[in-house]
Amino acid sequence: MADRSKEKQGIGSGQGQETMTDSWIRALVEAIHSTPTQAVLYFSGGASQVLGWLSSIPGASNTVLEVIVPYSRMSMIQLLGKVPVQFTSKETAEDMALVAYNRALKLSKPGSPVIGVGFTGSLATTRPKLGDHRFHLSTRTSNQLWSSSVTLSKGLGRNREQEERVSSQVLLKAIADACKVSSSIKFVSDLTEGEVPAVIEQCFDEDQELEQLIHGKICFKVFPFSSGIQTTSGERKVILSGSFNPLHDGHLKLLEVAMSLCIDGYPCFELSAINADKPPLTVAEIKDRVKQFEKAGKTVIISNQPYFYKKAELFPGSAFVIGADTAARLINPKYYGGNYDNMVETLLRCKNTGCTFLVGGRNMDGVFKVLEDFDIPGELKDMFISIPVDKFRMDISSTEIRNSRSVK
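If you read the sequence shown in the working numbering, its first letter stands for residue 11, the second for the next number, and so on.
Please keep in mind that the hints were generated in silico from the structure rather than gathered at the bench. Beta carbons are placed, not taken as given, at the ideal position from N, Cα and C, and that holds for glycine. Be aware that one or more of the hints could be misleading.
Label-pair restraints from in silico Cβ distances [as the list claims (entries may be wrong)]:
{"#": "1", "residue 1": "389", "residue 2": "121", "range": "33 to 39 Å"}
{"#": "2", "residue 1": "82", "residue 2": "116", "range": "23 to 29 Å"}
{"#": "3", "residue 1": "393", "residue 2": "216", "range": "34 to 40 Å"}
Listed below are the simulated DSS-like cross-link pairs for lysine-lysine, each with C-alpha atoms no more than 30 Å apart in a straight line [what the hints assert, rightly or not]:
{"#": "4", "residue 1": "361", "residue 2": "305"}
{"#": "5", "residue 1": "196", "residue 2": "100"}
{"#": "6", "residue 1": "196", "residue 2": "227"}
{"#": "7", "residue 1": "391", "residue 2": "119"}
Given these sequences and hints, build the entire structure.
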């Protein structure tokens, strides 16, 4: 609940009030920075003081992943990938928050909670406005979409700086709430009693979140089941992708060996809910496969990208752990419309994201193959790294395990 006692003093008046206001802002920002939550912020038309508050207090690098101010019409259109029906609206703020959330997923440390923040406003300018002075803000987390709309009273005679401060206060409080900061910190607002925010909150359960992933609304979901203490502070992911039907000891051993070659990485498995040549997995199927990783104490990412060139965009800078059979497909022009140049160009895009492929030996048509058995194009050679056979060799596949189980 906002503290209204300062209203009698007038907006922005009094050194004592300014000190009190700055005090709660500092306390709130320090509390935000102390949480593990990482954020991407997109705002346009107001609330600009939030960036100064967040960045001027130590700990900003723990929280802020990226800030973009899409002020021009074309900048906003490119950010959202569409023309908004109305640029200053609740719907646009929610769209900005969703885009920011997906961006935060890509930029964050593996397993860290993330939020996407969107703000759009129409505040006081150098010329009188016929319409309302208003702003809309939204935060998106893994299980919640929250939005608020505020119409400011033009009769108070606030200037642009004062309206910036009011909108920044409300946005900072929204970020704190999304970070689950303790409500014990007193929120001081320059909003009057007549400027009541219209708040809408929508919560999602895990099934709804997975449905959003399947339909492409969110790009991936992390289940951070990894047991024990992670000794690395690196942000690079070491990813073993597959269908994991079932997850078996060969998968676990392969990722373990890959980690010995990428000591600064964060190990995780990745399962795409969308298949290139099969129907999408259902929510029930995804949850059943996720249970395997929970039991094994291993982190798994559920994505909606079956192709490695798209995975590279989702997880830039990652090391993908693959078998020799997958490596053979990656460099086969057959899977690129029969065009060799298209194959090279596609894999160079993966390379330009900083991604590499760690290749383990695999039984292919009765013959055990390793990376050295393939002719890798010269411009791609340093993108592929061989996992020594003396470190890892397992010939059995998930398909063979499934078949052996069905026979029993």
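A quick look at each hint next to the structure:
no., hint, in the structure
1, 389 <-> 121: 33 to 39 Å, "34 Å, holds"
2, 82 <-> 116: 23 to 29 Å, "24 Å, holds"
3, 393 <-> 216: 34 to 40 Å, "36 Å, holds"
4, 361 <-> 305, "34 Å, violated"
5, 196 <-> 100, "26 Å, holds"
6, 196 <-> 227, "35 Å, violated"
7, 391 <-> 119, "28 Å, holds"
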